[in-house]
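Place chains B, C and D on chain A using the hints.
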Amino acid sequence: MNALAPIDWNSLSDSDFRAELRGFIEAKFPAHLRNHPRRIPRWEDTREWFGTLSAKGWIAPNWPREHGGMGLTASKLLIYFEEVERWGIPRLYDMGLFMFGPVLIRHGTEAQKREYLPKILSGEHRWAQGYSEPGAGSDLASLRTMAIPEDDHYIVNGHKTWSTFLDDATHLFLLACTRNEGRKQDGISLFITPLDVVGIERRLITTIAGHAELGEVFLDNVRIPGANMVGPLHGGWGIAKDLLEFERINNGSPKLGLYALNQLQEYAKRTGLAADPRFAERFTRLRLDLQDQSCAYRHFCSLLKAGRTPGPEVSLLKIWSTETYQRLAELFLEVAGEEGVEADRVDVPGALAALRLYYRSRPATIYSGSSEVQRNLLAKRVLGLPAPK
Amino acid sequence: MNALAPIDWNSLSDSDFRAELRGFIEAKFPAHLRNHPRRIPRWEDTREWFGTLSAKGWIAPNWPREHGGMGLTASKLLIYFEEVERWGIPRLYDMGLFMFGPVLIRHGTEAQKREYLPKILSGEHRWAQGYSEPGAGSDLASLRTMAIPEDDHYIVNGHKTWSTFLDDATHLFLLACTRNEGRKQDGISLFITPLDVVGIERRLITTIAGHAELGEVFLDNVRIPGANMVGPLHGGWGIAKDLLEFERINNGSPKLGLYALNQLQEYAKRTGLAADPRFAERFTRLRLDLQDQSCAYRHFCSLLKAGRTPGPEVSLLKIWSTETYQRLAELFLEVAGEEGVEADRVDVPGALAALRLYYRSRPATIYSGSSEVQRNLLAKRVLGLPAPK
Amino acid sequence: MFSLRQASALAREPDVSAVVEATERFLASASGPACFRQARGDPEAAVDAAAFGRLAEVGLTGALVPEDLGGLGFPAGVAVLLAERLGWSLAREPFVENLVLPYALLLALGNNARAHALLGGMAKGGSVVCVAFQEGAFALPSAEFPVARIEKVGNGLRLRGRKRFVVGARASTHSLVLAPLEGEAALLCVPSGAAGVTRQDKLLADGTFWSDVEFDTVVAEDALIERGASCIAALENALDVANLALSGELYGLQTRILEMTLDYLKTREQFGQPLGAFQALQHRAVNLYTRAQIGRFLLGEAVDATETSAQAQYASRCKARTADSALEIAKEGIQLHGAIGFSDEYDLGLYVKRILVRSAWLGGADFHRRRLESFELAEAAA
Amino acid sequence: MFSLRQASALAREPDVSAVVEATERFLASASGPACFRQARGDPEAAVDAAAFGRLAEVGLTGALVPEDLGGLGFPAGVAVLLAERLGWSLAREPFVENLVLPYALLLALGNNARAHALLGGMAKGGSVVCVAFQEGAFALPSAEFPVARIEKVGNGLRLRGRKRFVVGARASTHSLVLAPLEGEAALLCVPSGAAGVTRQDKLLADGTFWSDVEFDTVVAEDALIERGASCIAALENALDVANLALSGELYGLQTRILEMTLDYLKTREQFGQPLGAFQALQHRAVNLYTRAQIGRFLLGEAVDATETSAQAQYASRCKARTADSALEIAKEGIQLHGAIGFSDEYDLGLYVKRILVRSAWLGGADFHRRRLESFELAEAAA
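Protein chains in written order, with this note's numbering: chain A, 1 to 389; chain B, 1001 to 1389; chain C, 2001 to 2382; chain D, 3001 to 3382.
Bound conformation, chain A alone (with noise of 0.2 Å):
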């Protein structure tokens, strides 16, 4: 099969398709990468395999064909992440691929397209993004970045944090204010920058994990083109909306779930905790959370492929998904016992897993709208709760 001739992958069945990408992966992925002890390896350990699945067409499962991805259904596409995680896949650099892509493809001009997709595709761009900044997390309405016009630049000064990806990303987008009056929503404008311009600087920060794979970014008078703002002039918030549900619905699809799931289970199976009733009732508990959740994900994902927007419901998914995967990590530690908390015990793969999945599932209910900002949305543009008087 020609990975470049524009196949359908949809027109395959699923069991085609699921034997197709296990073939794929089990030859080709490299060995030493399967459970990763990173929540997310440098670029330097993943850059092979992006390249691999770069050049093969499966680097955007999510993306319309005529982009370069692999326009796949929903069902697919769930097909897709349950592979890649029962083979313990790390993540990639995928901040272009699940979050800028996307709103690119949607809100982008047709140069901006033509510039961007094809290196976030190939991994020559990696995306980080600016939203959050000191004293502001998960309100975006007290946004402090200001971008200040001079000719036909931007001339913008801030300070951004909690950046996921910093480490070894090439490219920032972010949100800042072109406006000083009226409601801050109605001026808030998307721009993205290269991070190697003058102006900015890095700092990154470790998590609780070990790892420095987030940070701050300083912006000090860094001029960006007006070409590279995204979208209308003070139009960002909207996009910043939009860009939050596929960024919900990428952080609601099962797919951190599933691998606590595998992960879970062999140990399971391998210590003979699987013969222990206490424990399947627990467990089997957490596998339906999950598995009768990708039915909900799945409809999402039809909604967004059919062209429509999922709209405000879609936070459901990122609640449960994130709340099911910590619960997995946490029944993990505790099953784990005296193994679990080990910290450098190779020789002891699952229980060693326990410890990282508790630090790695951790940050899914704050980041990218925490679970309570996920309830306050919900509870008002869902339900139509009122606001206090």
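It is worth saying that the hints were derived from the structure and are not from the lab.
A quick note: this is a predicted structure, and the numbers were derived from the prediction, not measured.
Keep in mind that a hint or two might mislead.
What the hints assert, rightly or not - EDC-like mimics (lysine to aspartate or glutamate), calculated; alpha carbons at most 20 Å apart, straight line:
(1) K1380/B - D3263/D
(2) K269/A - E2379/C
(3) K1269/B - E3379/D
What follows is chains B, C and D alone, placed relative to chain A:
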């Protein structure tokens, strides 16, 4: 042993005290009242047992001995409850014993104490509470019942609701506004009145358990003598808070949960469910939740017994005990399966208990300050968390 | 917000849509909490022939019957969609017990002339059938399980034994009874009025009844509908369909409670605010909504997967999920309403009690999770 | 708000109060998150003799040793009170592993001259002892359980086998090893520096270490401290005391997280409000507070009940309760802090990781709940 002699029950060892109680209960408690179908049986059903306890001097385990109570320490009081619940003794008309009596002992005039305390002990006076009003629920500050002074009386008009024991109560203690200006809290007084006076009408409300045990009280120009005010004029708010603390200690005792636990344990043994490790896991968690809470209960009772006010912390007792009680009832109903939802199967007493407990545990988190109100209180008064700006 | 229409392809097919809408119109005019309240606990208020007539009118009696037997020939998934509307309306019409379960059982027997004859009678509205198989707490059917026995006597069959938790027995003209005959499973069709058939009705929490039925009766040989392992397989299949329908009903019941609760939160004020403005209550409402939605999309897929090999898995997943969330929503519905939620005058309690009964029938959440575990084990061993 | 003083009579006794306060002063000056952070993962940062000297100064080394052996002769409940302060301060001093556990074990052996000699040496601060008994996940000790073996050789004893999860091995001068000798349990005191004793240190989540210790060594006959069933009983008793102390430590750790979280909620603003003004967060904070309090009053009673027949029950109840609530508070502490709670720079994570390690050591909540079930069964059978 002469029951009327001023025995110091606290001087007995725990096991002697327990044996004494158990012997008396097993000998004297009318068998047909065990595991009664009603949350609160009617007065005519339990008056005989009330009289038996009263004659023995055992009707008011928590009152000081000088007022005719048993003056039990916290540990002994818990043993008292354990034995009562072990034997499946239904709730008596105890509003005077656990709520109004202690308030009168603390805040009443000598004349009020002489007049009312003995009649609470004998069962001649049976008290109901007039706190809630339609549209006010847990929000005492929006009270609308008015008491206007006229010569040496007050003329009271208003509408109370959700008064438990109303079916067979003889007397009502109620909050009413005695001042129109200033903070609501500074203009509320506590009154007592017989229910059979001119101007009072009751309407009973049937619960989802099918029993008309609570109801509404309509007060239409009811004349209440000034001597029937408890505590100072406009001082009702403080007394009400005090009363609520007694209520919270009383509702925070593990006695309701103990009864549910006993019933469920008996059912599990009889049906073989006790040998199911999945059930055991869930049951043990709840058993420990109840057992560990007894420690907290003993602590707060000791404070009270030592004459110290338990403070707002006591709300945690009520939250924990009522929610544990409900979870026990829910587990019971779940495991009882089909038999659990048969409403009239008299040949399966254990399973029928499940449905009854499900019903009777529902209001526990609503009455005398809902769990939500208790959490608000703890957040504000104990944790010192701020109010919204 | 809770419609299954967006979650299921079958639900969007025009003819299915039409029968669901006809059912909604029927329910709006003829059923609901007031009827339910009036009939509860009344032993005379068994569903009468007229009610079945009305069900037939809107297509409910024939919905699942093949066209060549006089029905509409819808797939079983439609039963879930209809049951959901019945649940939402708190209808007491015995759809799952006297229609879905016996129809699915008879259909699952395949090319069986006696089953077809009975189906034909049912589709016309003449026969009302219930299924009597349990003798204790719900378990999957097997030939070894029952104590009841069938023996050959002269040119007839003698059935002896006691069946419990027979839902829909009161309105039935016939019972389909599972019992062993000569060491293998058999399904017998016993007229409800036959001598030696004694019904003891049991009042349930929601004011409806099911029955213990004592059999000591002799029937003609042609009452034997089927024998052998196929009886067990057909019954298991039918129970899956019935559990799917019950899941739909439980989903409808819980979404109605959720709607009532959201309305209450929006209108009732306390401490100078609508209750729904309190963030702690908002987040709890969101949790209930989320749990219901997880059931919604699962149900949607299940509706589209009836009569496939995935049906059994979906049945247990749906029952476990919807029973759990219904019980949670029932409990929280009462709590969020406060005292009014505990009073019998308010309709909420009717829905709560209905949920208690329907979630217990044909296996609760824990039973179905254990069944799913046994599927996993079987798969792992294969 | 979280003090154990109001919950325990023993805590209010003046001499106990005095040692607790001395410990607090010591911890305020010499320990805490900064020290803990600096030492983590550093294999050279084993607790040194100087640290034990400081512990001795404030009475920690001798607290539990009888007065006639040169100690203060406090009941074991005091260990819980001291461990609580150590937990709250995030101290890395090996109090539970090198003091409470071996002391309680040696004391529980009763009138045993070799045990007393060792105790005397420990109270003076010369000997540092660890207990090596596990060979796999925590279980109650029994003579059948270990793979390690003791054999008589010449006029010595040969010990062979591997002990795992030996906490406090790094600082120890001696290990108390449980292994069978001629078919019965035996406790051997093995010098840590002896030939054939090989330690493999394991880095833990919190940056501390425990060790796997491989024994293939011959010791003199007088290294045999005790043999027979009394070894098992004494070790089980000592493990109860150690678990009570660990529960105290876990309680201290979780209350510190709760305090940090409440402070954060009161000061940090979002959406124009202090976080703590949001009712949903208030209610969650209350739930954490409530869970901690249930542990507090339980611990208070347990402190007063050490060395009674209720000790074993209290030990498992306390460990189950405090481990569960500590893990919950750790998890919610991170969540309520948001991103900062996930960053290593902030101290919260140090406490969280310490909780992970200390709750796993000597049996997690589920282990202890199972043990409590077995007590219930034994009681029911009696």
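Here is how each hint holds up against the structure:
no.: 1; hint: K1380/B - D3263/D; result: 14 Å, holds
no.: 2; hint: K269/A - E2379/C; result: 14 Å, holds
no.: 3; hint: K1269/B - E3379/D; result: 14 Å, holds
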